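K.L.:
These protein sequences, in sequence, are chains A and B.
One point on numbering: in the numbering used here, the residue at position 196 of the first sequence is 196, and numbering is uninterrupted.
Count along the second sequence from 1, then add 1000; that gives the number in the numbering used here.
By construction, these hints were calculated from the structure, which means they are not laboratory data.
Accuracy of the hints is not assured; some may be wrong.
Residues from chain B that face chain A, not an exhaustive set, calculated with beta carbons under 10 Å [said to hold, decoys possible]:
1. Val-1039
2. Thr-1087
3. Leu-1095
4. Leu-1101
Output of the computed footprint for chain B on chain A, the stretches with three or more beta carbons under 8 Å from beta carbons of chain B [what the hints assert, rightly or not]:
5. 29-42
6. 94-104
7. 112-125
8. 152-162
9. 173-183
10. 200-210
Please read all numbers here as calculations on a predicted model, not as lab measurements.
From the three backbone atoms N, C-alpha and C, an ideal C-beta is built for every residue, glycine too.
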Amino acid sequence: MIVSTAKAPAKNAYLAGVRDGWPYIFMVIPFSILFGVVAMDAGLSVGQAMGFTVLVIAGAAQFAALQLMVENAAVTLVLLAALAVNLRMAMYSASLVPYLGAAPLWQRALVAYLNFDQTYMASIARYEDRPEMTTDQRFLYFMGVATPIAPVWYAMTLVGIYAGSTIPEAWALDFVLPITFLAMVAPMLKSLAHVAAAVVSIIVALALNGLPSGAGLLIAAFCAMCAGAAVETAMERRQ
Amino acid sequence: MTYSDAAIWGIIGCLAVGTFLIRFSFLGLMGDRAMPPIVLRLLRFTPVAVLPGMVAPLVLWPAATDGQPDLVRLIAAAAALGVGYWTRNVVWGILGGVSALYAGLGLTALL
Chain A
1 MIVSTAKAPA KNAYLAGVRD GWPYIFMVIP FSILFGVVAM DAGLSVGQAM
51 GFTVLVIAGA AQFAALQLMV ENAAVTLVLL AALAVNLRMA MYSASLVPYL
101 GAAPLWQRAL VAYLNFDQTY MASIARYEDR PEMTTDQRFL YFMGVATPIA
151 PVWYAMTLVG IYAGSTIPEA WALDFVLPIT FLAMVAPMLK SLAHVAAAVV
201 SIIVALALNG LPSGAGLLIA AFCAMCAGAA VETAMERRQ
Chain B
1001 MTYSDAAIWG IIGCLAVGTF LIRFSFLGLM GDRAMPPIVL RLLRFTPVAV
1051 LPGMVAPLVL WPAATDGQPD LVRLIAAAAA LGVGYWTRNV VWGILGGVSA
1101 LYAGLGLTAL L
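Working from the sequences, and respecting the hints, build out all of it.
P.N.:
Put into structure tokens, the structure is as follows:
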């Protein structure tokens, strides 16, 4: 096999990431505008709202925290609830280890800061499709996906802060989020095992919807992972 | 909201550090140490195990309709999933879902 120079494909991996990342801005835009609006309604200062968006950079957890803060909940409760919403990202972190574990610490730290649903889902799909990628290319791809998303997330929160309350509800922007997540997961349903995992995830999550702050989702995700692995093992044995 | 400014910044700071540590956890501490095959097998299902469960309540009981199931939103969700699966392409899936949503909302407004 002829080995090409590492530089050219690595650069392409970054551009491929940018290309695959930009569609997610359609989901990030309404979500971040909405956060700006809600943060102002809750009584945060502009600096505090932007602090949330830039430092925490996790939409669902930010909304959870704000909701409890509006109710004047105890600070520990606010922290626990919002961090529980983010616990799924420990699963993301673990599942990136086989692909990015060999990267330098600063790269892993940067990936960790930018590891949210969109960047993770897009990257893991690419890594699975292309096992031949080098660690360097995987890192660049991840940064590429984050490049259009993160700045839009910051900027549109600011738009929401200053102009948000004028956006009509009839646009149904709330529903862009589930649509994008569904469009994201559909191409990942590659085998019966993946479908089984998705179905178990839905059933358990709906059954446990009453549990607070993402606890139901964590249990659902764990059950679904077990179901997927079990079905895959069974299929391999039959062959 | 009755928190002091310092308390609010405290919440933001703790959430920022806590969220980062959650995201850094395995990736940062395990590095390239090998994981047991059973763990790897479980982790490969992470995306399809998290997203459907996250979306299902939002689709079935949308906040915008006060938690009442809404036919237009159900059809839009099915369109996003169906087009995404069929084309194996996220962008087409989003376009399919959004088109169905606005077509449905438009029709409902007219009727």
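K.L.:
It remains to establish, for every hint, whether it holds in the given structure.
P.N.:
Evaluation of the provided hints:
Checking B/Val-1039 against chain A by beta carbon gives a least distance of about 8 Å; that is within 10 Å, so the hint holds. Interface hint at B/Thr-1087: satisfied, since its Cβ lies 8 Å from the closest Cβ of chain A, which is below the 10 Å cut-off. Checking B/Leu-1095 against chain A by beta carbon gives a least distance of about 8 Å; that is within 10 Å, so the hint holds. For B/Leu-1101, the interface hint holds, since its Cβ comes within 10 Å of a Cβ in chain A; the closest pair sits about 6 Å apart.
Taking a C-beta to C-beta cut-off of 8 Å, the segment 29-42 of chain A contributes 1 residues in contact with chain B, too few for the three needed, and the coverage statement is violated. Counting residues of the segment 94-104 of chain A whose CB lies closer than 8 Å to any CB of chain B gives 8, which reaches the minimum of 3, so the coverage claim holds. With 9 residues having a beta carbon nearer than 8 Å to a beta carbon of chain B, the segment 112-125 of chain A meets the requirement of three or more and the stated coverage holds. Counting residues of the segment 152-162 of chain A whose C-beta lies closer than 8 Å to any C-beta of chain B gives 0; at least three are required, and the coverage claim is violated.
Beta-carbon proximity to chain B at under 8 Å applies to 10 residues in the segment 173-183 of chain A; the threshold of 3 is reached and the given coverage holds. With 7 residues carrying a beta carbon less than 8 Å from a beta carbon of chain B, the segment 200-210 of chain A meets the three-residue requirement, and the given coverage holds.
In summary, the numbered hints that this structure violates are 5 and 8.
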